[in-house]
Amino acid sequence: MARVIFRWTVLTVMGVFFLLPLIAMVEFSTRDPETWPLLLDWPRLAEEYPALAEGILASLAQAALTSVLMLVLLVPTAIWVRLRLPRLRRVVEFLCLLPLTIPAIVLVVGLAPVYAWVNYLIGGSSLTLVFAYTILVLPYAYRAIDTGLSAIDVRTLAEAARSLGAGWTTVIWRVVLPNIRSAVLSAAFLTVALVLGEFTIASLLHRTNLQVAIEFLGKSSATVSVAVSLTALLLAFALLLVLSLAGSSSKERRS
Amino acid sequence: MTGVAVKLEGLRRTFGTVHALDDLDLAIEPGELIALLGPSGCGKTTALRILAGLEDATAGRVLVDGKDVTRLPANRRGMGMVFQAYSLFPHLTAAQNVEFGLRLRRGPLTRAAEMLDLVGLSGFAKRYPHQLSGGQQQRVALARALAIEPRVLLLDEPLSALDAKVRVQLRDEIRRIQTEVGTTTLFVTHDQEEALAIADRVGVMRAGRLEQLATPSEVYLRPATAFVADFVGLSNRLSGSVNGDVVEVLGARLPLVTPHAGGAVTALVRPEAVDVVPDPEATATVLTSSFLGSTSRVTVSVGEQVVVAQVPSGRLPELPAGTRVRVTIQPVAVALE
Chain A
8 MARVIFRWTV LTVMGVFFLL PLIAMVEFST RDPETWPLLL DWPRLAEEYP ALAEGILASL
68 AQAALTSVLM LVLLVPTAIW VRLRLPRLRR VVEFLCLLPL TIPAIVLVVG LAPVYAWVNY
128 LIGGSSLTLV FAYTILVLPY AYRAIDTGLS AIDVRTLAEA ARSLGAGWTT VIWRVVLPNI
188 RSAVLSAAFL TVALVLGEFT IASLLHRTNL QVAIEFLGKS SATVSVAVSL TALLLAFALL
248 LVLSLAGSSS KERRS
Chain B
5 MTGVAVKLEG LRRTFGTVHA LDDLDLAIEP GELIALLGPS GCGKTTALRI LAGLEDATAG
65 RVLVDGKDVT RLPANRRGMG MVFQAYSLFP HLTAAQNVEF GLRLRRGPLT RAAEMLDLVG
125 LSGFAKRYPH QLSGGQQQRV ALARALAIEP RVLLLDEPLS ALDAKVRVQL RDEIRRIQTE
185 VGTTTLFVTH DQEEALAIAD RVGVMRAGRL EQLATPSEVY LRPATAFVAD FVGLSNRLSG
245 SVNGDVVEVL GARLPLVTPH AGGAVTALVR PEAVDVVPDP EATATVLTSS FLGSTSRVTV
305 SVGEQVVVAQ VPSGRLPELP AGTRVRVTIQ PVAVALE
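Those protein sequence lines, which keep their order, are chains A and B. Position 57 of the first sequence, counting from 1, maps to 64 under our numbering, and the rest follow consecutively. Position 229 of the second sequence, counting from 1, maps to 233 under our numbering, and the rest follow consecutively.
Just so you know, these hints were derived from the structure itself, not from any lab. Just so you know, these numbers come straight off a predicted model, no measurement behind them. Using N, Cα and C, we set each Cβ at its ideal position, and we do this for glycine too. Please note: incorrect hints may appear among the correct ones.
Not the full set, but computed from the structure, chain B residues with beta-carbon under 8 Å of chain A [to be verified]:
| id | residue |
| --- | --- |
| 1 | N79 |
| 2 | S91 |
| 3 | L108 |
With the rest of the complex left out, here is chain A (with noise of 0.2 Å):
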């Protein structure tokens, strides 16, 4: 009896503590009858509020091309370290999760220097922050990627398929990915909630995105800024909620 109060008692603080800035932000955000529809009218955003539109883009083009980059990097290396250099998968491992022990205002000053040859060699464009975010999200990607490569016999896999006639390519795309896809799903939407939610890197390096516009706009007009980070926090909470359900069922049929 005593342990079920306890869990209640701890369900409730926890949930009050998490729900209630969440209701707060709802309530303020429906202070002006204004600022939802707003929302969901494009054209009459991206007039009134042009920096919002321009961070808005700016992250979604971010998220999109960090998780093609990391994708692009991470699948064949962590394949060909599993296939070829299995000696190196420790040290693989803890060069992807370097960046998770080292705070990001550290990452920033080590970026600054790197960054104003980026600003002179292909200029000052927010999507230049892709690369930054590649590396930022590394930890994450790179043990759900391994995870998906641990649950089949790559190996043995890339091997009948080079028997049966395929090369390197066809390998990876034909018998490696789509046996790893849940695991190449979760990589991605972790990439995304992680890049729609960065801060600090754009904000220092003096870039715009979501984030950063959500900051800006907070100093002028509180309740539209309020709905943006809410709808955002959601986003990420849906992108989350499929990433599980998509794990589950692929579980389901495993088995």
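Starting from the known structure of chain A, arrange chain B on it as the hints suggest.
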């Protein structure tokens, strides 16, 4: 389809200081099925993987149909392979698995159905690997390997993950199919019964070298070395003395597989060459007996030595432990240790 000749010449493969293959020479005739047999770590799988192109040889050459393919990558060698681990692509059905190689070669997809029919699984075309038993998965893997009309078929312990009954069934089926399509085949196994049952010739390997390459009956009846005699089948180690071209063991005069200079030796004698008959006057005594089905093994002590004899199970009741028996050995050729 007729098979092609395969030749491994002076193959060497070293992993650090370990010699997995040590100057291996092996010639496979067109359409022949050769089984490589040996304990784990003897290099048999390494030899097969080098032939498949999945591993590189440190030295030596691989010739298929007279052409040097040593440097050719695996995907261009045209070899069908069945692995020990289940290797079907989990996201494809049985039929799609068989079609995989055909699509890459732009071959006729109707062949997939023919191949599934050949392995007796035409009703399972739409099933996914996880809906098939282990034996069925290996049959599909065999169909997939044969679908591309491989020049050489490579079987890397394909039966070792299966249970005993399925193993024997599938073994016989592999032999039937191989004879039917006539593909040159290399079969790697550590199971001597499997090797002896399926192969035209058996190659017994040890420490990266071939100890003997001969027909199953020759390997069994006339083992070239003590290792072969010991590894293939069960052998009694009996002390005896060489006298001319025979060795005297427990009063029997047995011919030798290879000549020996003479003196005290240890002869390797098969249990089926040993017979025991109850005799109250004799000095040998039955220690234990074990029932194996149609035959049984009886362990007998003869002075200092212990001898295992194989007798029909029907005679087991007359040979309980403690029975005095007379031991006789048939004069078949034996190897010396």
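Legend entry - Hint check against the structure, violated hint numbers in rising order: none
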